[in-house]
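J.: Chain by chain, the residues:
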Amino acid sequence: MNRLKKKDQSALDYLFDHYSGAIYGVIFRILKKEEIAEEVLQDVFLKVWDRIESYDSSKGKLFTWMINIARNQAIDSTRSKENSKSRKTDDIDYLVSKIDIQEHSQLPVDAIGLKEVLQQLTEEQQFIISQLYLKGYTQSEVAEEFNIPLGTVKTRLRLAMIELRAILDIK
Amino acid sequence: MNIKEYIASGILEAYALGELSANEREAVEKNLQQHPALREELSIIEQSVEALLMQAAVKPRAEVKTKLFEKIKQETAAKVIPMPPTSTAPWRYATAASVAIALLSSYLAFDYWDKWKKSETSLTNLVAQNQRIAQDYNNVNLRLDRIETDMKVTSNPDFTRVVMKGTPNAPESIASIYWNEQTKEVYLSIQNMKALSKENQYQLWAIIDGKPVDCGVFDSTVAGLLKMKEAAQFPTTFAVTIEPRGGKPSPSLETMQVAGNVAKV
Numbered sequence: 050m051n052r053l054k055k056k057d058q059s060a061l062d063y064l065f066d067h068y069s070g071a072i073y074g075v076i077f078r079i080l081k082k083e084e085i086a087e088e089v090l091q092d093v094f095l096k097v098w099d100r101i102e103s104y105d106s107s108k109g110k111l112f113t114w115m116i117n118i119a120r121n122q123a124i125d126s127t128r129s130k131e132n133s134k135s136r137k138t139d140d141i142d143y144l145v146s147k148i149d150i151q152e153h154s155q156l157p158v159d160a161i162g163l164k165e166v167l168q169q170l171t172e173e174q175q176f177i178i179s180q181l182y183l184k185g186y187t188q189s190e191v192a193e194e195f196n197i198p199l200g201t202v203k204t205r206l207r208l209a210m211i212e213l214r215a216i217l218d219i220k
Numbered sequence: 016m017n018i019k020e021y022i023a024s025g026i027l028e029a030y031a032l033g034e035l036s037a038n039e040r041e042a043v044e045k046n047l048q049q050h051p052a053l054r055e056e057l058s059i060i061e062q063s064v065e066a067l068l069m070q071a072a073v074k075p076r077a078e079v080k081t082k083l084f085e086k087i088k089q090e091t092a093a094k095v096i097p098m099p100p101t102s103t104a105p106w107r108y109a110t111a112a113s114v115a116i117a118l119l120s121s122y123l124a125f126d127y128w129d130k131w132k133k134s135e136t137s138l139t140n141l142v143a144q145n146q147r148i149a150q151d152y153n154n155v156n157l158r159l160d161r162i163e164t165d166m167k168v169t170s171n172p173d174f175t176r177v178v179m180k181g182t183p184n185a186p187e188s189i190a191s192i193y194w195n196e197q198t199k200e201v202y203l204s205i206q207n208m209k210a211l212s213k214e215n216q217y218q219l220w221a222i223i224d225g226k227p228v229d230c231g232v233f234d235s236t237v238a239g240l241l242k243m244k245e246a247a248q249f250p251t252t253f254a255v256t257i258e259p260r261g262g263k264p265s266p267s268l269e270t271m272q273v274a275g276n277v278a279k280v
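Residue numbers (the numbering used here), protein chains in the order written: chain A, 50 to 220; chain B, 16 to 280.
Hints are all accurate, no fakes.
Within a straight-line C-alpha distance of at most 25 Å, the following computed SDA-like cross-link-like pairs (lysine to any residue) qualify:
#: 1; chain 1: A; residue 1: K108; chain 2: A; residue 2: R214
#: 2; chain 1: A; residue 1: K164; chain 2: B; residue 2: I59
#: 3; chain 1: A; residue 1: K220; chain 2: B; residue 2: E65
The hints are simulated quantities; they were obtained by calculation from the structure and are not laboratory data.
Sequences and hints are given; from them, build the entire structure.
T.: Rendered as structure tokens:
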């Protein structure tokens with residue numbers, strides 16, 4: 050972390066080798082297009098590099114910070130892409146759901162490990178986890194889009210997370 | 016505050032997802048500082064998400080990393096090193112520095128302008144030179160083509176060479192004929208023929224059965240081989256006369272310049 054704040058490029062190198070896959074996975078699942086996703090991935094790492102001073106470890110893990118940058122950047126990109134294409138409203142809920150409906154059937158090759166993990170959850174929990182963490186929806190978007198009360202979304206997520214930590218063996 | 020209820024509300028998950036408003040976030044951060052149990056819970060949530068997303072990783076192509084580091088290199092190189100602040104009379108130094116910079120940059124500007132002008136001139140010269148060389152090359156190429164065609168005639172054993180020597184009218188003149196008995200083709204090559212006035216031209220005749228047959232007209236400036244009219248039958252002699260421009264149906268024999276007999280094979 051210190052090396053990163055001192056702008057040591059080898060630290061960024063390490064960060065990229067370790068986390069680019071997980072970050073790219075999130076971006077790719079939101080954008081579904083390799084070219085754009087690669088560009089966004091590059092932007093995310095440039096942002097991480099430029100803003101590393103503003104990262105505060107007392108507020109959360111570096112990975113969480115990076116993933117949130119990536120998710121925002123990817124959603125921004127869908128918005129600008131859709132805007133330039135169809136000049137429709139820039140309502141994120143609408144856009145995210147539209148993309149999802151269009152490309153629902155061809156979700157990218159989710160790793161076998163991930164499938165195994167998700168299969169151990171109930172269907173409801175699988176749904177909530179993949180919407181929030183893999184497809185980049187917010188809780189309120191899921192609630193609105195699928196007609197589930199926001200409170201229910203939150204409880205389901207909470208239960209799913211407790212299940213997950215057991216499956217992933219996190220103490 | 017009931018820690019259990021707070022955790023059960025799912026607010027930490029929302030916090031980790033970056034979904035809270037600025038106010039909510041601040042409140043959560045305050046609570047995190049006060050309650051180690053919350054920090055521990057958040058850490059577990061973050062680890063779970065990290066482990067999950069690691070399982071869902073998609074490896075980007077190797078070029079992305081290369082490009083990223085190239086870009087960072089460029090950005091780092093472009094960044095200006097900030098000047099350290101000075102405490103004693105900074106404006107003096109600032110003024111001196113700006114005057115120096117102004118002088119230096121005017122000088123540099125002039126210097127670069129001058130260099131630019133010079134290089135522009137030399138570029139124009141080079142372009143012109145390049146064009147000249149290209150033209151020369153084309154000319155040489157054309158000449159080479161012609162020589163190659165000529166070579167095909169002169170080196171072909173089917174062609175008989177007939178040397179036409181100067182008559183008393185023009186003892187210095189000399190020209191040659193390449194004649195192919197099979198194809199009846201006739202080529203003329205001038206070694207030395209004097210220049211004529213604009214009204215006149217040379218005319219080649221083939222003497223067949225004692226009668227002159229027109230083989231076409233030519234000027235003294237011909238270089239290389241010139242294809243003439245075909246000689247239909249076996250000529251005994253080739254001769255050249257001076258005729259009005261365009262030629263005549265029958266020769267003015269008194270103007271005969273050169274003549275040569277065809278050797279019987």
